[in-house]
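Chains B and C are the protein sequences, given in the same order. Take the first sequence: its position 73, counted from the start at 1, is 73 in my numbering, and no numbers get skipped. Take the second sequence: its position 78, counted from the start at 1, is 78 in my numbering, and no numbers get skipped.
Hints are computed from structural coordinates only; laboratory data are not their basis. Bear in mind the structure is a predicted one, so any value in this text is a computation, not a measurement. A few of these clues could be false.
Here are the computed lysine-lysine pairs in the DSSO-like style, where the Cα-Cα straight-line distance is at most 27 Å [unchecked claim]:
| # | chain 1 | residue 1 | chain 2 | residue 2 |
| --- | --- | --- | --- | --- |
| 1 | B | Lys109 | B | Lys42 |
| 2 | C | Lys15 | C | Lys78 |
| 3 | C | Lys62 | B | Lys99 |
| 4 | B | Lys99 | B | Lys42 |
| 5 | C | Lys62 | C | Lys15 |
| 6 | C | Lys11 | B | Lys3 |
| 7 | B | Lys42 | C | Lys15 |
| 8 | C | Lys11 | C | Lys62 |
| 9 | B | Lys56 | B | Lys99 |
| 10 | C | Lys78 | B | Lys42 |
| 11 | B | Lys56 | B | Lys109 |
| 12 | C | Lys78 | B | Lys99 |
| 13 | B | Lys3 | B | Lys56 |
| 14 | B | Lys42 | B | Lys56 |
| 15 | B | Lys109 | B | Lys3 |
| 16 | B | Lys99 | B | Lys3 |
| 17 | C | Lys78 | C | Lys11 |
| 18 | B | Lys3 | C | Lys15 |
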Amino acid sequence: QQKVQQSPESLTVSEGAMASLNCTFSDGTSDNFRWYRQHSGKGLEVLVSIFSDGEKEEGRFTAHLNRASLHVSLHIREPQPSDSAVYLCAMSPNTGNYKYVFGAGTRLKVIA
Amino acid sequence: NAGVIQTPRHKVTGKGQEATLWCEPISGHSAVFWYRQTIVQGLEFLTYFRNQAPIDDSGMPKERFSAQMPNQSHSTLKIQSTQPQDSAVYLCASSLGSYAEQFFGPGTRLTVL
Chain B
1 QQKVQQSPES LTVSEGAMAS LNCTFSDGTS DNFRWYRQHS GKGLEVLVSI
51 FSDGEKEEGR FTAHLNRASL HVSLHIREPQ PSDSAVYLCA MSPNTGNYKY
101 VFGAGTRLKV IA
Chain C
1 NAGVIQTPRH KVTGKGQEAT LWCEPISGHS AVFWYRQTIV QGLEFLTYFR
51 NQAPIDDSGM PKERFSAQMP NQSHSTLKIQ STQPQDSAVY LCASSLGSYA
101 EQFFGPGTRL TVL
């Protein structure tokens with residue numbers, strides 16, 4: 001079964017500095033990756049979905065996927081205190097699989 | 001569009017009591033998913049309905065847990081004889097189709113004393 005590891009577990013950055021979060025997975029057959037954000041006590045908000053190697057940008061959020069190195073990352077440009085939340089990466093093991101496998105999350109804190 | 005609605009937001013039960021959690025999917029979405037989130041296990045898939053029919057309950061504990069979708073506007077997750085280890089946030093998600101983007105509700109935080 002696909003396994004997902006997220007790093008770091010927690011991250012503190014200053015407002016305006018780039019925040020980088022990482023996710024590694026156990027095999028390269030997945031082709032469906034998402035990054036979600038979860039504010040305390042709230043549901044999951046999808047930030048970026050990426051389906052092929054390379055880069056995908058959605059506003060201040062950019063995902064990079066490299067399936068050969070089993071790695072997907074999320075970069076947050078000019079983070080703000082309101083971006084403080086838990087960030088989860090998720091993937092479905094293969095096309096047509098609705099069962100997302102989630103990482104444990106990275107807790108991001110943005111300080112003013 | 002109100003998004004996925006889950007009620008109650010918080011529920012506290014005593015050990016051995018029953019808990020029923022409700023989910024109202026986004027109107028027009030044919031797929032409904034239930035997940036459980038704990039600190040230790042993270043987010044885990046529980047069960048999935050498509051057009052109200054149960055398709056996959058492979059993540060559901062075999063005992064005490066059941067899910068239903070009696071109509072297209074709501075689904076329920078019922079836990080009988082709740083135990084402290086059932087304490088978690090239960091998230092419901094809906095999507096236009098089985099493999100489309102899943103939109104999550106705010107979750108129900110269940111605490112079993």
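Worksheet item: Lys3 (chain B) and Lys56 (chain B): Cα distance at most 27 Å?
Response: Holds, at about 23 Å.
Worksheet item: Lys109 (chain B) and Lys42 (chain B): Cα distance at most 27 Å?
Response: 16 Å, holds
Discussion item. Given the hinted pair Lys78 (chain C) and Lys42 (chain B), is their Cα-Cα distance within 27 Å?
Written reply: 21 Å, holds
Worksheet item: Is the straight-line distance between the alpha-carbon of Lys3 (chain B) and that of Lys15 (chain C) 27 Å or less?
Response: Answer violated: Lys3 (chain B) to Lys15 (chain C) is near 33 Å, above 27 Å.
Worksheet item: Hey, Lys78 (chain C) versus Lys11 (chain C), does the alpha-carbon distance stay inside 27 Å?
Response: 13 Å, holds
Worksheet item: Is Lys56 (chain B) within 27 Å of Lys109 (chain B), Cα to Cα?
Response: OK: Lys56 (chain B) and Lys109 (chain B) at ~23 Å, within 27 Å.
Worksheet item: Would the pair Lys99 (chain B) and Lys42 (chain B) pass a check requiring their Cα atoms to be no farther apart than 27 Å?
Response: 21 Å, holds
Worksheet item: When you check the alpha-carbon spacing of Lys56 (chain B) and Lys99 (chain B), does it fall within 27 Å?
Response: Status holds; Cα separation ~22 Å.
Item to complete: Decide if the proposed pair is consistent with the structure: Lys42 (chain B) and Lys56 (chain B), CA atoms, cutoff 27 Å inclusive.
Response: 25 Å, holds
Discussion item. Next pair to validate is Lys109 (chain B) with Lys3 (chain B); report whether the Cα-Cα distance is within 27 Å.
Written reply: Distance of about 25 Å is within 27 Å: holds.
Discussion item. For Lys62 (chain C) and Lys15 (chain C), compute the direct alpha-carbon distance and say whether it is at most 27 Å.
Written reply: Holds, at roughly 18 Å.
Worksheet item: Can the restraint linking Lys42 (chain B) and Lys15 (chain C) be considered satisfied, given a maximum Cα separation of 27 Å?
Response: 26 Å, holds
Violated hints for the displayed structure, listed by number in ascending order: 6, 18.
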